[in-house]
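A.B. asks: Listed below are the residues making up each chain.
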Amino acid sequence: MSATGLRLILQTAILAVAFSVSGHAQERLAPARGGLEAKLEYCKTCHGLSGQGYLGYFAMPRLAGQQPEYIEAQLRAFIERRRSNPVMQNVAHVLSPSMVTALAMHFKNLNPKPFGGAPRGSIATGKKIYEEGLPEANVPACSACHGNEGKGQNEIPRLAGQVYPYLVGQLTGWKQQRGQGTAVDTSAIMAPTAHNLTRSQVEAVAAYVSYLQ
Amino acid sequence: MKRIGLKLAILAIFASTVSAWAGESAAVRNCTWCHGAGAQGYTVAPRLAGQRPQYIMSQIRSFREHARNNPFSRQYMWGAVAALDPYTARELANYFATIAPKPANDGDSTLASRGRAIYMEGIPEANIVSCYACHGPNAEGVRDIPRLGGLAYSYLKGRLEQWGQGYHSTPGSPMPMVASHLGPEEIEALTSYLSFVR
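Chains as they are written, first to last, in my numbering: chain A, 1 to 213; chain B, 214 to 411.
What the hints contain is simulated information worked out from the structure, not anything from laboratory work.
Backbone N, C-alpha and C fix where the C-beta goes; we use that ideal spot for every residue, glycine too.
Be careful, since some hints might not be right.
To be verified - Selected chain A positions facing chain B (in silico; Cβ < 7 Å): (1) 38; (2) 46; (3) 87; (4) 94.
Bound-form chain A, shown alone (with noise of 0.2 Å):
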C-alpha cells in the first residue's frame, strides 16, 4: 500500500468518526429540546401555567422564581423517597438526571403575581415572626435563612409568593412528609423550627410570606 493511499484511508476513517460524533450530538440535543418544553408545560399543567402555583384536591406549591439548586434537591429527595407525596414522587421517578436540572433552571425567570388568597388577619404577627423569630419558644429569624425578601438562595427556598394552604401543610406536616428514611439531608435544618412553631404561628407567618412579591 502506497504513503498517499494510507493517507487516504486514514483521512476518511478520521472524517467519518468526526462526522458521526457531531450527528451523534445533533441527534441527541434535538429531541431533549423538545422534550424539554414538553416536559415544562406537564409541569405547568399542575403547578400553574405561569408557575405560580394551583390549588387542586392537593395545593401545588408556586415554582416561579425558585431556587434552581433548591429545586433540583427536591426532585432529587422526591426520587430517593426521602421527601414522601405519592404524585410527586411519580412525577420524579421517571426524570433524568439531566432533565432534572434543566428543568430546575427554567423556573428561576418567571415572575408572576402571587397567588394569593391567605387570610389577612395575622400578616403583622407573622412578619414579626419573620424577621425577629420567637426567642422565647426557640425559634430563629427566617430572614436570616430565607432573606430578607424571601427570595432564599442555593438550597434554602425561595417563600416569597408562595401558596398559602401549601406552607400551612409543610410546617405542620415537617416530620411526616421531608427527611424520611436513614439519611440525613437538608430538612433536618428546618425540622426544629417548623417544630416549635404552634399552628396559629404557622399561619401568621405563611400568610406574610405569600403575599411577598
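Dock chain B against chain A, hints included.
C.D. replies: Positioned in the frame of chain A, the structure of chain B alone reads:
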C-alpha cells in the same frame, strides 16, 4: 345530533307533564326536564346531583359568557341560563349538590383497572398527569373542580375529546393541556373507570 335533539324535546314534553314529583319547585323542573329525574342525568345532559356547587356556578357563568362553546352547550345551555338570575343560580347549585349522586355504570368494565391506574398515577413518561392530584382520590372533586365519579361514559368521553379539538369551557382551566396528551385508548380507559366510581 338532530335526532338526539328531537329525543330531548319529546322527553321534555313527556317529563314536564308526567313526572312533576313532589317538593320540586318550577325552577328545579326547568333544569331537570333535561337533566333527568333527581338530576341524575339523561342522554346528553349530564348528572348534576352531587356536583360541587362552586363548579355548577362556574359553568353557569361559562355558558352565560359563551366561553363553554361546544355544540351541545350552544344548543341547550346558552339558552337555559340566559334568563337565570344569580340568586336562583346559587340556590339551584346548592340544591343539586345535596342530592346523592348515582353512578352511571355504563363504561367497559374490562378497562376499569387500567383507567384507575392512569387516574391515580398518570403516565409520567408520556406527560399524562395524575387526575387524582386535582379531582381527589375518589374523583369527588373539590371547590370549583368537578366530581367525575359516576358521570356517564359518553359525556366524559365527549368532554375529553372536545378539549383536544379546541373547544373551551372555563377561562384559564388546565383541562385543555391535560386532554391534549390523552390518546383514544387512555380516554376509553379513564372514562370507563370513572363511570363506575360511586
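A.B. asks: Out of the numbered hints, which ones does the structure contradict?
C.D. replies: none
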